[in-house]
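As you go down the protein sequences, you meet chains A and B in turn.
In terms of this note's numbering, the first sequence is residues 1 to 152.
In terms of this note's numbering, the second sequence is residues 1 to 570.
FYI, nobody ran anything at the bench for these hints, they're computed from the structure.
It is possible that some hints are incorrect.
[What the hints assert, rightly or not] Within a straight-line C-alpha distance of at most 27 Å, the following computed DSS-like cross-link-like pairs (lysine-lysine) qualify:
(1) K238/B with K331/B
(2) K5/A with K311/B
(3) K538/B with K114/A
(4) K5/A with K113/B
(5) K238/B with K5/A
(6) K238/B with K113/B
(7) K538/B with K50/A
(8) K44/A with K538/B
(9) K323/B with K5/A
(10) K8/A with K238/B
(11) K543/B with K114/A
(12) K156/B with K238/B
(13) K29/A with K538/B
(14) K400/B with K488/B
(15) K488/B with K8/A
(16) K8/A with K400/B
(17) K538/B with K5/B
(18) K400/B with K90/A
[As the list claims (entries may be wrong)] Not the full set, but computed from the structure, chain A residues with beta-carbon under 8 Å of chain B:
(19) L20
(20) F62
(21) S66
(22) N139
(23) A142
By construction, the Cβ of each residue, glycine as well, lies at the ideal position given by its N, Cα and C atoms.
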Amino acid sequence: MTIDKSEKRVIMITLALIGLFVFSLLYAKNKYRSDVPECLPYDKAYTVPKVNKLDEKTYQVFSVASMWQFEPSEIYIPVGSEVDFYLTSKDVVHGFNIAQKNVNMMAVYGAINKTTVKFDKPGVYDIICHEYCGIGHQNMRAQVIVNYPEAK
Amino acid sequence: MQVTKTFKRIIFLELAIPVALLTLGVYHGLMQTVYRAGVLHQTSFAKLDYYQGLTLHGVINAIVLTTFFAVAFGNVTMAFYFKKEPNKKLMWLSFALMLTGTLMAAWAMLAGKASVLYTFYPPLKAHPLFYLGAALLIVGSWVPLFDWASMYRKWKKENPEVKTPLAVLGTLINFIIWFVCTLAVAYEVLVLLIPWSMGWTDTVNVNLARTLFWFFGHALVYFWLLPAYIMFYTILPKVAGGKLYSDLAGRISLFLFLLFSIPVGVHHQYSDPTITQGVKFFHGMLTYGVAIPSFITAFTIAASLEYAGTKRGRKGLFGWMKKLPWFEENKFLFGYFICGLILFVFGGVTGIINASYSLNSVIHNTAWMPGHFHMTVAGPVFLGIVGMSLYIYAKMSGKKIFLPKINTIIPYMWMIGMLIFSFGMSWGGLRGEPRRTNLGLTYLNPDNIQYRSDWVPTTTIALLGGIIMFLAGMFFIIVFFGTMLGKKKEEAELELPVSEAYHDEKRIPLFDKFKPWLVTMIIIILFAYIPALLNVNKNSGPKSPRYNINNPVPEASTNSHPDSKSVSLK
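Can you build the whole structure from these sequences, using the hints too?
Pasting the structure below:
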């Protein structure tokens, strides 16, 4: 079987390109700790909304999504905090998107989602529900308030 | 070739019914962009709710139109290449099942009892007829595969040393992918959702349902795409005035799709709980595998078009482009195909971004996603479907195209509208604009506390694109039904353009049989999906009751089974 020269070339280029993509992904994963959400076994403890302060710069947030709100709805933290978000849903599927920080999770009944993010700059970060969850979906928003206007 | 009246009648119905429904689908497409841009600050318009409209838009355009067309085009392809019509009784059976299913689901959606979007994620509950309708539509589309497979086996027995025609190979592969992937969604619908929505069972495992849906959900996009690929390989080179650059490249691509279309579904669940990072990464890598046949196709088609331009007397390195039949009335298919392909370049590139594991966190469920998939499903898929529907209808009825000049302009208009729309959506997505959201009520309403002025430019651009596409869509519907209302002018026959191959490689047995590929396909699926399902099983907690779209309190349980009582007493 003979393969046309330009066809051979284009297949080599394709494979090289895909190799480059895979390398970039692994590089970003190691260097910037960019990863998809972590997978935890279900545990009822995470279904009670709260903010835990572990130390000055480390927080845990147990976020519970329901039709049509996030609890807690306002999260106050100081600049430079690292936050572990644990997420679940009381009812239908909801989304949890902090676009400025690339936090992107689904809140699902009977499941716990988790991701970690560091807030280096002061400001108000919108948490937006980005999965359709019924007639009030567009009202579902919470905020992370990083040292602004003053930490409560 | 001449075909019987019955064959014609079924094909015409399979083509015209979804095009008629398309009026609803296209209308709701426009309305999404109107609400989203903040032109309307209300929940509904003309008695149709935003989310109801979004459900209609998704189900009609992405499920009904695509499935009906795939069946019709498959019937036409088989009949044309084997010079023998498929079994009429089975054709009627398949059509009747699909139509009944569509009517059931359409009733549920129009009555406002199934505003759950086309992904119908539980525990949002739809009316049982919505699920049953979807199941009937799918089962109806299984029927022809078994008839075509027996036609193929008979033909192969008589022609063991002849290469299977590429279009036939593509059709069979497409419906095999479809059959395998829809087994999962059939299980989801028939075993998990219908009994739950009827109240026979009280709860459903949401994570399992999502995973089963996406076993089907990504292969679904290849089921949309492969008919377009078949057109690009076997019809486009001929219409352009050239030859298919390589016949073998087409076969290799098709078999690679068979292997990689299904075991990649978890890349839609990167943001989901219950599935480990390892399984997600593995599915991401397999998704790159499915990029290979698309790259091969891009090269082969481009080379075929260059050859066509050369044959038509090119000058200079890029001069071949000038020689292609961009606006020729009797070669109008070229416009539909090339506009689809241009959109698909962007659709493909954004698709690779989406598949790229952690990069997906930037855009998952934002407006970027519809920005991406409209350049695939509403690009080559939609344009291929409508262009080909018109072509087949005109040939088989012997009628002249209504408004032929406008017909050559429609695809370009559509493409320009789509590029503008997708630019707005992609940009908005990068700024965190959510998809599937009635933005006009809150985020795009200056009087609302949630107002986001930074989404005004992006949603306005999308609105502009939406208006242009709506006009193009309406022009097509006028041309299609105008053609139908016309008088018979020419001899009616079933005829498809057939591209010869420039490199017509001799038959390689491996690329002319199914068994080794089917076995490999099943092995890869098991490797990809057993870990995913074990994950879901291990990490899922309690199952969920039924929720309606307008009530945070679940429906009361109806099941008085002694087990469920004892559980609730604890």
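Each hint tested on the structure:
1. K238/B with K331/B: Given that 27 Å is the threshold and the Cα spacing comes to 10 Å, the pair holds.
2. K5/A with K311/B: Holds, at about 21 Å.
3. K538/B with K114/A: holds, 16 Å
4. K5/A with K113/B: Violated, because 58 Å separates the two Cα atoms, which is more than 27 Å.
5. K238/B with K5/A: holds, 23 Å
6. K238/B with K113/B: Violated, because 47 Å separates the two Cα atoms, which is more than 27 Å.
7. K538/B with K50/A: holds, 26 Å
8. K44/A with K538/B: At roughly 15 Å apart (the allowed maximum being 27 Å), K538/B and K44/A satisfy the hint.
9. K323/B with K5/A: holds, 25 Å
10. K8/A with K238/B: Given pair K8/A, K238/B holds - Cα atoms ~24 Å apart, limit 27 Å.
11. K543/B with K114/A: Holds, because 20 Å separates the two Cα atoms, which is no more than 27 Å.
12. K156/B with K238/B: holds, 26 Å
13. K29/A with K538/B: Holds. K29/A to K538/B sits at ~26 Å (cutoff 27 Å).
14. K400/B with K488/B: holds, 7 Å
15. K488/B with K8/A: violated, 49 Å
16. K8/A with K400/B: violated, 44 Å
17. K538/B with K5/B: The given pair, whose Cα atoms are some 56 Å apart, is violated under the 27 Å limit.
18. K400/B with K90/A: violated, 59 Å
19. L20: With Cβ-Cβ at 11 Å, over 8 Å, it is violated.
20. F62: violated, 14 Å
21. S66: holds, 6 Å
22. N139: holds, 6 Å
23. A142: violated, 11 Å
Checked against the numbered hints given earlier, the structure breaks hints 4, 6, 15, 16, 17, 18, 19, 20 and 23 and satisfies all the rest.
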